[in-house]
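Protein chains in written order, with the working numbering: chain Z, 1 to 441; chain Y, 1 to 441; chain F, 1 to 441; chain L, 1 to 441.
It cannot be assumed that every hint is accurate.
Since copy identity is lost for identical chains, a pair holds within one copy or between any two.
Stated by the list, open to error - Straight line, CA to CA, 20 angstroms or less: simulated DMTMM-like cross-link-like pairs of lysine to aspartate or glutamate:
1) K405 - D212
2) K332 - D386
3) K122 - E422
4) K21 - D376
5) K132 - E121
6) K126 - E113
7) K7 - E121
8) K208 - D402
9) K390 - D212
10) K82 - E121
11) K126 - D6
12) K126 - D267
13) K399 - D166
14) K399 - D212
15) K122 - D415
16) K7 - D402
17) K7 - D353
18) K390 - D353
19) K405 - D223
20) K381 - E19
21) K41 - D267
22) K381 - E22
23) K405 - E261
24) K208 - D166
Simulated from the structure, these hints should not be mistaken for laboratory data.
There are 4 protein chains.
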Amino acid sequence: MALIGDKEYFKGIGEIKYEGKESDNPMAFKFYNSDQVVAGKTMNEHFKFAMAYWHTLCGTGGDPFGPGTKNFPWITANDPIKAAKDKADAAFEFITKMGFDYYCFHDFDLVDEAATLAESEKRVQKTVEYLKQKQEASGVKLLWGTANCFSNPRYMNGAASNPNFDVVAHAGAQVKIALDATIALGGENYVFWGGREGYMSLLNTNMKLEQDNIGRFLNMAKDYARSQGFNGTFFIEPKPMEPSKHQYDFDAATSINSIREYGLENDFKLNIEVNHATLAQHTFQHELQVAANAGMLGSVDANRGDYQNGWDTDQFPNNVLETAEAMLVLLKSGGLQGGGINFDAKTRRNSTDLEDIFLAHIGGADTFARALLVADAVIQKSPYEDLLGKRYASFDSGKGADFVKGNLSLTDLSDYAHSKNEPEQISGKQELFENIINQYI
Amino acid sequence: MALIGDKEYFKGIGEIKYEGKESDNPMAFKFYNSDQVVAGKTMNEHFKFAMAYWHTLCGTGGDPFGPGTKNFPWITANDPIKAAKDKADAAFEFITKMGFDYYCFHDFDLVDEAATLAESEKRVQKTVEYLKQKQEASGVKLLWGTANCFSNPRYMNGAASNPNFDVVAHAGAQVKIALDATIALGGENYVFWGGREGYMSLLNTNMKLEQDNIGRFLNMAKDYARSQGFNGTFFIEPKPMEPSKHQYDFDAATSINSIREYGLENDFKLNIEVNHATLAQHTFQHELQVAANAGMLGSVDANRGDYQNGWDTDQFPNNVLETAEAMLVLLKSGGLQGGGINFDAKTRRNSTDLEDIFLAHIGGADTFARALLVADAVIQKSPYEDLLGKRYASFDSGKGADFVKGNLSLTDLSDYAHSKNEPEQISGKQELFENIINQYI
Amino acid sequence: MALIGDKEYFKGIGEIKYEGKESDNPMAFKFYNSDQVVAGKTMNEHFKFAMAYWHTLCGTGGDPFGPGTKNFPWITANDPIKAAKDKADAAFEFITKMGFDYYCFHDFDLVDEAATLAESEKRVQKTVEYLKQKQEASGVKLLWGTANCFSNPRYMNGAASNPNFDVVAHAGAQVKIALDATIALGGENYVFWGGREGYMSLLNTNMKLEQDNIGRFLNMAKDYARSQGFNGTFFIEPKPMEPSKHQYDFDAATSINSIREYGLENDFKLNIEVNHATLAQHTFQHELQVAANAGMLGSVDANRGDYQNGWDTDQFPNNVLETAEAMLVLLKSGGLQGGGINFDAKTRRNSTDLEDIFLAHIGGADTFARALLVADAVIQKSPYEDLLGKRYASFDSGKGADFVKGNLSLTDLSDYAHSKNEPEQISGKQELFENIINQYI
Amino acid sequence: MALIGDKEYFKGIGEIKYEGKESDNPMAFKFYNSDQVVAGKTMNEHFKFAMAYWHTLCGTGGDPFGPGTKNFPWITANDPIKAAKDKADAAFEFITKMGFDYYCFHDFDLVDEAATLAESEKRVQKTVEYLKQKQEASGVKLLWGTANCFSNPRYMNGAASNPNFDVVAHAGAQVKIALDATIALGGENYVFWGGREGYMSLLNTNMKLEQDNIGRFLNMAKDYARSQGFNGTFFIEPKPMEPSKHQYDFDAATSINSIREYGLENDFKLNIEVNHATLAQHTFQHELQVAANAGMLGSVDANRGDYQNGWDTDQFPNNVLETAEAMLVLLKSGGLQGGGINFDAKTRRNSTDLEDIFLAHIGGADTFARALLVADAVIQKSPYEDLLGKRYASFDSGKGADFVKGNLSLTDLSDYAHSKNEPEQISGKQELFENIINQYI
Ligand SMILES: [Co+2]
Ligand SMILES: [Co+2]
Ligand SMILES: [Co+2]
Ligand SMILES: [Co+2]
Ligand SMILES: [Co+2]
Ligand SMILES: [Co+2]
Ligand SMILES: [Co+2]
Ligand SMILES: [Co+2]
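Given only the sequences and the hints, what does the whole structure look like? Please build it.
This is the structure in structure tokens:
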């Protein structure tokens, strides 16, 4: 049920309901039916859809060529705590009207940063108190928290990777506050996105020292959180570039390498963002698969990019085909480990009606829901799994199985090959696989 | 001294000499002076320039839109062994006229593949015998060998990652032959480039099984080679895509992750190709640095790409600025570990004069030589190193040094930060660093 | 009805039928129902689906890293005319089994080029005679012909843009033969794709002279064809690069500029290829719209690219969302002017079963058919057109209408603006538009 | 001589002098020697280097992930006119200390926009009065003016292309003010950059109407300026995307097409930006050549991009090789027509010292100066021009010359080709051309 504060911010918009595919109501879900069971879990449980505090409540539409366009009615109070509470009211009104169960935040999304660390900490704590009440009243939960260690000018040369130790320490203090807030709110996970952990120029950079410092920093943060009773998962969110020329957590494979190098593999998984995948020249489904193969598919930021634009456009998902291929990976790998689907997406700078925020989230949720139904149907009803299994059947028995068990030497392989004729030509049948997916859309 | 076979293939072209920057002779080196000492080693020792057998002797200029254009006079004999010897004669004439000390090959660059593995093995062995004589007569050495497990149609679905075990085994047999040939020729290293180890579509692919199979395969190959007395280094050559939609060894970081996951870190390093770096959205210098940081900077394939074209254009290096930044990384990280600079580059399809091959290699060698001189001067004469050291000086003593030693907790960081004011703003001075490099070009 | 020659090449495959969305038969159309009327025309008339002779009959799967993989049974005869007839038999068997009405060719797709122009001309003429019979027997028609002036090594420096006049003349002779063949076969259009009309390096290129020469050449070809009674349309097919570093017909806007500069706007339109659009950093729908705005939307090459790969992957269409947005442009601009939908797409190198060619074309045709149905429904049933009309309503009357009529000066605009308050903020409502499209998929 | 206002903003920095290549002074020019004659003109005349008001005076370093970092001491006054004068003082101090002769501005770079058009106009007029005095006192001139019709939220849907006529009119009023200011200051040119003249989504866009409206708008602006006595050139500055998903003035060829379609070819030329060229997948030199071929090479914005980042990084030029190839085009096409080299570049967000602005401009000017010297030497001393002339010699006489004169028909070409043997193979010699350029760096 919608939780409305002192003031209703989204007047005229009620709770968004599932009305099915045939509905012409733009303010209804056509595919996302939260309690519908798919592949043994409700859609709800599969997705754990989360609202992103920053885009939805704080993102007024500024870009490098112009300031914000959106006059959010919850950003008016001069007193920072009053403003934080107004924003929280708007947040929970939105989340509950959407019928979502989760939200995500950076520390200074919740409340404006103050002039000193001590004062900032107090502000965060007060806001956390208020959010706790809102959570209790609504049942909404915190999917993950994080600290914004990239916007403030002090981080212009990096946070944990800063050449100046004083900045590293400041980032440490900020992360501590954010961890405390996350724990206090029962946050299920905690995210690190290294927006300025990378370089603008390799010429003025000691990359090895910077990366080692990040490793030390993450271990400290993890140790602290564990000491405070945090049992959730930590996520690294890979991104190849922007704002940095190069970000150290370039993509899933790079981040997994770092996680292992830092000795963090028991505590850290990945938060895969669609737009970051394509900026790194990967498909979304590729990044999911890489993470899943390493047992690190933790969470998803669901914002698509533009295939012709080279920056983070943060658009809401609308491509069912692409998302269906991603949901195939998700279903086959056992789903997200700890995380959910966070709409790290923003309405376009020129989408200035408040209702546009609803329309965008509805479209995004429906895209994922429909994609999940497609993927489930492909697995359950089509010959897909069977075709795929047969493609690799040579490793199920005989010499192939011996190979997989590690029982063959190169000489064994060679002897076997010399004893056989040229291998049979076997079509990869990609077009058939593609047609099968489309049949179920 | 030039080693010419029964027939001189590059008539009218003598040994290429160093004539210095002021020379107008297009057939002379202007910067590459093999015995000149830079930073404690001769240019020769820094670079170990190698000719790539495939492009230089076999690459007749075909592309997806047309067949080869180049009528190489050493490709005329019908008898495969005679043809192989002619090609070897041309190879060694070219290498010695260029004044290079090294070459690199794939198995079936040396001699055409036969209808059976047994017959192919015989052909390779006979050619190896001939190459041994040429090596002895000239002093030219083998930088690395490799097996072409991507051209033959049997590898259309991959080699070690093939869904059909029979093909995996065939690749094993082929790698064994190539390893034997490399060892017989005193090859200093052995390379794996996984041209079709990846996928065309994730839909028909079991990525986890395929990657695990590659891990098993590489271990088998390594064990075999070690058992045969091979002491050299194995290299993985990363490339993000092409011919596959996605190659598993996407970039340096991805490959390092795999090397560690397969347990190969004591035997494998990386062969970084410039064009593959930029296809993966990295600079060449970035990939060198990533490899160096992991102690895996083994060797270099020196072919540049085109910044506006999305495939491997394999052009000869000509960008002194870019290469100078790369040589900075090289000098500062102690140079290549085992490998050298292999010109994995081809003259353009419409560069059909035989002398063009010389012009191209001269331009490439001069680019690297000049870049090395620039990098050395930057290190020795400019304030570069000093500026860089000062940028990170906060980690040399005090709390910063404690941090680097791992002696601080997140609470320590936080306490320190709370005790300080806002950190001082320190310019990154990127433009100054850039100007310094240009001053020495 | 299937037209089968002396030998049936696609045994076991009959005519592909429309069975509707619920069919599980992979060898049936699920959406393409040739006689079904959509927006006043049959699907047939909308699309004029054409088979591409080169990929379907001649493309054996070679790429820069390996030779062909496909053993086409119609490529076996030693006699070139016999081989050409076999190929034609296979072509017409395929086209008629698919139920398509059209095909497209390059001159030397039909029959192998000979050693002299005179002999090549004879071969083409003989093959044309045979094709005429096949056309008559089947009712299949020629959508367009073209000359391959990019594969032969003589064109390595360009055809009409070649620095050597002798090559320009040779291209002229070849185009004349191809025009004669196209006319003889009743071809409805003629295409120019300038694969090597561009440059590998600007350094050795006189761009102005080369482009002017192309302009002269196209005028000569047009004049000749008109003098021979050709009434069809000429198409330029834009592509930004590959095989050249830069192609002069970079994209639709660039090609339109050239067409106008050469004075060819009454005779030439564009053939838009999906993959070429995305290589030029445009969407397919963008390129269609640009062409339509200039009255030059002539024809379509329907092969998609890979969003992460930077070359022409020539894949069959499978993205209904993207294609639906393209069909919106098509329907709203009055359809293709003279041309059709040519499957300039190839099965993957590892799709080696003959049936894969059918599966691929079925998937492609269904993608377009479904997209057309979606676009028609959006126009007919949704508020899309109404929303769009309202967005621009300010130009329908009053000062806005005066502006459109050209009746206002800058001072008028200024006076009007000074007289008004700040303009009202009006949301672009992109997310709503996107949701509407998805509702009809 | 430096023109310093009431307050010296760049204390400790005097006039930047030419000290030659051997100088170790980072605050001196090493190549830019303003009065040195190259190819018949002083460097000064070739380049007309201009400071960009927006980056240098107003750009405090904000990006999509954080606010500005730079505390410019000239941005402190509360009174807008006082602030504008302070800024002007800083501007002219900087320009004169650099020894530049020109500057460029957007209207609201000069002074903050007010709440109404009338008040904004007054502010601009007052600032223009002050600038006039500064120009007179220093001899510095205005290279071009322009109106910022993209930052204000009212332009979120475009300016001249806005779906709402009221916004179009507002843009008209603003352009009128900017034209008046430019004329009052003796501006030599006027620029249009259509930052939001394009679309975010084709779905909600009537592209034809929007482009036609732009055409009308540009004609109105041109007519007005001419009526006010403006004799300078108008420039269109192409850019493919950002902030829009697609900008209508995608690249040089697209813009030329529009200029011709709107009938503006006698008044408009192009302002080519390096970074915009590479974002459009072109080289800088390509875009210059396209503009020169159309007689529209007007001016240059000299900010390079990053080859691995997909947005406008606006970095100062530092690549001598790339710039030398561009200067070859410039020298051979007769130089810039009316415009100059405007440093539309910004110091990095983390380059926060005031001296960094000087270092950056010094590096940029030296890069262009050195490149000009290289290009001149290549033309004067090397075989470059001779080689290029010979490459196209077949069009200088005989049938080739007849072809160029337009005296041949396709049948003539064909007859000629039939009478000849296969054309001779002639190497393009790209590597030789590349080596020649490098020899002169
Ligand atoms: Co994200
Ligand atoms: Co993002
Ligand atoms: Co290589
Ligand atoms: Co390569
Ligand atoms: Co095509
Ligand atoms: Co194509
Ligand atoms: Co600009
Ligand atoms: Co720009």
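Structure-based check of all given hints:
1. K405 - D212: Between copies only: 11 angstroms across chains, 36 angstroms inside a chain, cut-off 20 angstroms.
2. K332 - D386: Classified as within; 13 angstroms inside a copy, 43 angstroms across copies.
3. K122 - E422: between (73 angstroms within a copy, 17 angstroms between copies)
4. K21 - D376: Both. Shortest intra-copy (17 angstroms) and inter-copy (18 angstroms) distances satisfy the 20 angstroms Cα cut-off.
5. K132 - E121: within (16 angstroms within a copy, 51 angstroms between copies)
6. K126 - E113: within (13 angstroms within a copy, 38 angstroms between copies)
7. K7 - E121: For K7 and E121, neither the intra-copy (27 angstroms) nor the inter-copy (40 angstroms) Cα distance is at most 20 angstroms.
8. K208 - D402: Classified as between; 17 angstroms across copies, 41 angstroms inside a copy.
9. K390 - D212: between (45 angstroms within a copy, 18 angstroms between copies)
10. K82 - E121: Within one copy only: 16 angstroms inside a chain, 39 angstroms across chains, cut-off 20 angstroms.
11. K126 - D6: Intra 18 angstroms, inter 48 angstroms, cutoff 20 angstroms: intra-copy only.
12. K126 - D267: For K126 and D267, the Cα distance exceeds 20 angstroms both inside one copy (29 angstroms) and across copies (56 angstroms).
13. K399 - D166: For K399 and D166, only the inter-copy Cα distance (9 angstroms) is at most 20 angstroms; the intra-copy one is 59 angstroms.
14. K399 - D212: Intra 44 angstroms, inter 16 angstroms, cutoff 20 angstroms: inter-copy only.
15. K122 - D415: between (72 angstroms within a copy, 15 angstroms between copies)
16. K7 - D402: For K7 and D402, the Cα distance exceeds 20 angstroms both inside one copy (68 angstroms) and across copies (45 angstroms).
17. K7 - D353: Answer is within: at 18 angstroms inside a copy they meet the 20 angstroms cutoff, but 47 angstroms across does not.
18. K390 - D353: between (52 angstroms within a copy, 16 angstroms between copies)
19. K405 - D223: The answer is between: 16 angstroms across copies meets 20 angstroms, while 37 angstroms in one copy does not.
20. K381 - E19: Between copies, since 18 angstroms is at most 20 angstroms while 25 angstroms is not.
21. K41 - D267: neither (25 angstroms within a copy, 46 angstroms between copies)
22. K381 - E22: For K381 and E22, the Cα distance is within 20 angstroms only across copies (12 angstroms; inside one copy 23 angstroms).
23. K405 - E261: between (27 angstroms within a copy, 17 angstroms between copies)
24. K208 - D166: within (19 angstroms within a copy, 43 angstroms between copies)
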